[in-house]
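A.B. asks: Chain residues, written in single-letter form:
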Amino acid sequence: MSEQQEALFSKKNRKLLSDPLDDNNPITIQVLGICSALAITVQLKPALVMAISAGVVMCVANVIVSLMRNLIPSRIRIIVQLVVIAALVILVDQILKAFVYDVSKELSVFVGLIITNCIIMGRLEAFALANKPWRSFLDGLGNAFGYGWILVAVAFFRELLGAGTLFGYPVLENLGLYDMGYENNGMMILPPMALVTVGIIIWIQRWKNRKLIES
Amino acid sequence: MQDLVNIFIKSIFIDNMVFAYFLGMCSYLAVSKTVKTSVGMGAAVIFVLCVTVPTNYLLENYVLKEGALVWLGEGYENVDLSFLSFIMFIAVIASMVQLVEMIIEKFSPALYGSLGIFLPLIAVNCAILGGSLFMQERSDDITNITEATVFGLGSGIGWFLAIVGIAAIREKIRYSKVPAPLRGLGITFIITGLMGIAFMSFMGIKL
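So the protein lines, in turn, are chains A and B. When you line the first sequence up against the numbering used here, it's residues 1 to 215, in that order. When you line the second sequence up against the numbering used here, it's residues 1001 to 1207, in that order.
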């Protein structure tokens, strides 16, 4: 039986890109990658840098493990995966330190924690170990976007309501909201509100997409 | 002694792994459906932290940081291997978890059976790597191996408190009228947020 060469962006492959945005979102449905989603979303800039860094590691790690998938003995697969991820994160960390030093200082331990970002391990175990490199790359990319949009959404509200700025640009001041009596909501900058914000995002997501509701 | 007590109390309440730094959230949310599994998971996390933080402390101070290799010879003063921290710490953690798994399997097969898949998953629990990375970052507070062990113990106990607390609450709200879209994950996030606010009351305490 000859294998049909699947189109690069066939329907099945496009689903890999679109599922993690809503139906199979890594943060709100798969419950992975929560730690970083809460900790570095105080401002938009570090959140975006984190989303891009984790996304790069996700895609490249998926491809590497998928290429090696037939060579890794099952007993040591966790250690092999960790080594691949750790090496990539060291690379990303050095690049961040070289090009955006101030943001890398803000991210501090959380760049290292990309290693234990459950999304990367989770997708390696669930997908890359059993699928071809191109599909694994698409899966990594889809999950990177799914993770990224939640990070940006939470950071957007936290920075806007908590500090009145977006990317450091004083939006609320220019809109004249301070004159109308708005005061920066100090609560939004604190950790607990990140949890409540994600809870509300989950609420809205499941209200719009009824089949995601837990029984 | 005073220092040890300070570090202990600080790492349980003020620098709580879950509520102040959001580490270990994935297993915290996934394992907290019943109190029984939470206690098992929490105990395993305490044990692994107690073992890995001092080991990584030794690694950090005698191999990794700048000038650490001085015991090998005078010429190694300027060698700074700290860029290898991530990979060395995670290697130590993965091997310790494998060791713990083998020991538990040998000495208490019942416990091994009840922990199941969660034991190997502790290797990727960000609270464990986070504990070691914080120990590395706070090198002025943590100056010897006893302090490192107490820090590990305290961080573990803080995580344990958090997960058992949320599990107890989740067991109770199963019989409450939570709106359908919030059921399960959504309400857990919001409750954790509220618990975080409660723990913030410890924030201003200066020890």
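Everything labelled a hint here was simulated from the structure, so no lab data went into it. Every residue, glycine too, gets a C-beta built ideally from N, C-alpha and C. Careful, some of the hints might be misleading.
As the list claims (entries may be wrong) - The calculated BS3-like cross-link candidates involving lysine-lysine, where the alpha carbons are at most 30 Å apart (straight line), are: (1) A:K211 <-> A:K45; (2) A:K97 <-> B:K1033; (3) A:K211 <-> B:K1033.
Unchecked claim - Quick partial rundown of chain B residues pointing at chain A, CB under 7 Å, derived from the structure: (4) M1025; (5) C1026; (6) G1067; (7) A1068; (8) F1086; (9) V1092; (10) K1177; (11) P1181.
A.B. asks: Next step is simple, just say for each hint if it's right about the structure.
C.D. replies: Now for the hints, and whether the structure bears them out:
1. A:K211 <-> A:K45: Violated - the C-alpha atoms of A:K45 and A:K211 are around 34 Å apart, more than 30 Å.
2. A:K97 <-> B:K1033: violated (40 Å)
3. A:K211 <-> B:K1033: holds (21 Å)
4. M1025: Interface hint status for B:M1025: holds (4 Å vs cutoff 7 Å).
5. C1026: holds (4 Å)
6. G1067: violated (20 Å)
7. A1068: Violated: closest Cβ of chain A sits about 18 Å from B:A1068, beyond 7 Å.
8. F1086: holds (5 Å)
9. V1092: violated (11 Å)
10. K1177: At 14 Å from the nearest chain A Cβ, B:K1177 fails the 7 Å test, so the hint is violated.
11. P1181: Constraint on B:P1181 satisfied, holds at 4 Å.
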